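Asks: Sequence:
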Amino acid sequence: MLSRKTVTSAPCSFCVQSLRHLLVLSSLCHFICGYSERDRVHELMSKYPLIDGHNDLALKLRILHNNRLSQIDLHNVSKVATDISRLQAGHVQAQMFAVYVMCGAQEKDAVRLTLEQIDVVRRMCTEYKDFELVTSAQELKNAEMRHKIACLISIEGGHSIDSSLPALRMFYQLGVRSMALTHTCNTPWAESSSNLYSVYRRQNNSLTHFGEAVVEEMNRLGMIVDLSHTSWDTALAVLNHSRAPVIFSHSSSYSICKHSRNVPDWLLHRLKKNRGLIMVNLYSKFISSSDKANISHVADHFDHIKELIGAESIGIGGDFEGAASFPQGLEDVSKYPALIQELLQRNWTENELADVLRRNFLRVFEEVERVRDELSLNPPSEVQIPVEEVQNPCRLVLRPPDPRLLPSDQSSSSRAQQGPTGLLILAIVLLLSSLFIIE
Numbered sequence: 001m002l003s004r005k006t007v008t009s010a011p012c013s014f015c016v017q018s019l020r021h022l023l024v025l026s027s028l029c030h031f032i033c034g035y036s037e038r039d040r041v042h043e044l045m046s047k048y049p050l051i052d053g054h055n056d057l058a059l060k061l062r063i064l065h066n067n068r069l070s071q072i073d074l075h076n077v078s079k080v081a082t083d084i085s086r087l088q089a090g091h092v093q094a095q096m097f098a099v100y101v102m103c104g105a106q107e108k109d110a111v112r113l114t115l116e117q118i119d120v121v122r123r124m125c126t127e128y129k130d131f132e133l134v135t136s137a138q139e140l141k142n143a144e145m146r147h148k149i150a151c152l153i154s155i156e157g158g159h160s161i162d163s164s165l166p167a168l169r170m171f172y173q174l175g176v177r178s179m180a181l182t183h184t185c186n187t188p189w190a191e192s193s194s195n196l197y198s199v200y201r202r203q204n205n206s207l208t209h210f211g212e213a214v215v216e217e218m219n220r221l222g223m224i225v226d227l228s229h230t231s232w233d234t235a236l237a238v239l240n241h242s243r244a245p246v247i248f249s250h251s252s253s254y255s256i257c258k259h260s261r262n263v264p265d266w267l268l269h270r271l272k273k274n275r276g277l278i279m280v281n282l283y284s285k286f287i288s289s290s291d292k293a294n295i296s297h298v299a300d301h302f303d304h305i306k307e308l309i310g311a312e313s314i315g316i317g318g319d320f321e322g323a324a325s326f327p328q329g330l331e332d333v334s335k336y337p338a339l340i341q342e343l344l345q346r347n348w349t350e351n352e353l354a355d356v357l358r359r360n361f362l363r364v365f366e367e368v369e370r371v372r373d374e375l376s377l378n379p380p381s382e383v384q385i386p387v388e389e390v391q392n393p394c395r396l397v398l399r400p401p402d403p404r405l406l407p408s409d410q411s412s413s414s415r416a417q418q419g420p421t422g423l424l425i426l427a428i429v430l431l432l433s434s435l436f437i438i439e
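Numbering (the numbering used here), first residue to last: 1 to 439.
What the hints contain is simulated information worked out from the structure, not anything from laboratory work.
Misleading hints may appear alongside valid ones.
[Stated by the list, open to error] FRET-style restraints, in silico, Cβ to Cβ:
{"hint": "1", "residue 1": "Thr126", "residue 2": "Ser198", "range": "37 to 45 angstroms"}
{"hint": "2", "residue 1": "Lys108", "residue 2": "Arg40", "range": "45 to 53 angstroms"}
{"hint": "3", "residue 1": "Arg363", "residue 2": "Arg395", "range": "36 to 44 angstroms"}
The model shown is predicted, which means the values in this text are computed figures rather than measured ones.
The beta-carbon is built from N, C-alpha and C at its ideal position, and this holds for glycine as well.
Please model the complete structure; the sequences and the hints are all you need to start from.
Replies: Take a look at the structure:
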């Protein structure tokens, strides 16, 4: 016969043992489920690797290393969020590298600086076998089949062309396939979302006649028009004028985070009609309006935009190297799988995520090229911006100077120099002639 002590302790012992079994099973289930999700993300991103719409590594290379690639190994770079190893870990198969020069270079040496930044992107994408410089949608696909990270070049800010369509065309010849019409400063022909610089302020003229000519020439060339950084009025004017789809390469939802760099719902609806693309920016201030954010905050932007205009209008433009702070868990380019896992947990389908990861951008790129082909018989535009609209003291008319317009001191000194020189030459000729006669 069992004692009272034995009878009461047996069930208690059984409960403890059962609880241990449940904890073990729970931990095992959690481990299996967690592994399963990560494995699912890895499989999805291996099949549909990411095309990232915006990265400022070229800017950091200039700031930190003065563009001296010989001093670094791009497989592993300190003080940045982007290098080859982390791009591969993040399943980034194509990267739009921004060529950006400060707005302070407008009316000065913006074109030269832009050329130097194009040079460093071209160098890094041709000197490293993991990269491949591409200039078409088909080349981008081919690079993916060869397991290369495709490099696309994008100019960030229309001030880089110095209001010159020939300069725009030459940048295209160098491999540029996208351009943001403004950065944080207005150009003489388009308006920025920022008031940081008080240059080229206009009333009710967000896209001038020359600005329309820029959009038309980009359509003709097959260059993607980027509306990130433009004012909403300029963006709307471009959407009404462009024959090809456009992109916001690194912007988020204004309804979720009320920052002027983000896109309001009414403009998103217009973007959908254009068959364009908004590539969600990960900068914390554009995500949560503060320096702190997390992956959930980022996913809220994706959810809102999908509900509003559909997953077929969404991409990813991280803005790494161009921003100061990023959400917890998305600190560098290797962390993109964490974002995709969050979206899967929010019941995004694999088909929707395949669109977001790459298919949407490829569609836009191909449609831009299709419009280019339709316009192939059109000659290069010869539209020139009126001098009074540029107001650039550094612009020089390319013809010999008129001596009558030179300052009086320069003109007189020039004549003074020419007179004695001519007489001296004549004297030498006469002297030599007399010598020959004597002989």
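Asks: Compare the structure with each hint and give your call.
Replies: Hint by hint, here is what the structure shows:
no., hint, verdict
1, Thr126 <-> Ser198: 37 to 45 angstroms, "holds (40 angstroms)"
2, Lys108 <-> Arg40: 45 to 53 angstroms, "holds (51 angstroms)"
3, Arg363 <-> Arg395: 36 to 44 angstroms, "holds (40 angstroms)"
The earlier numbered hints are all upheld by this structure, with none contradicted.
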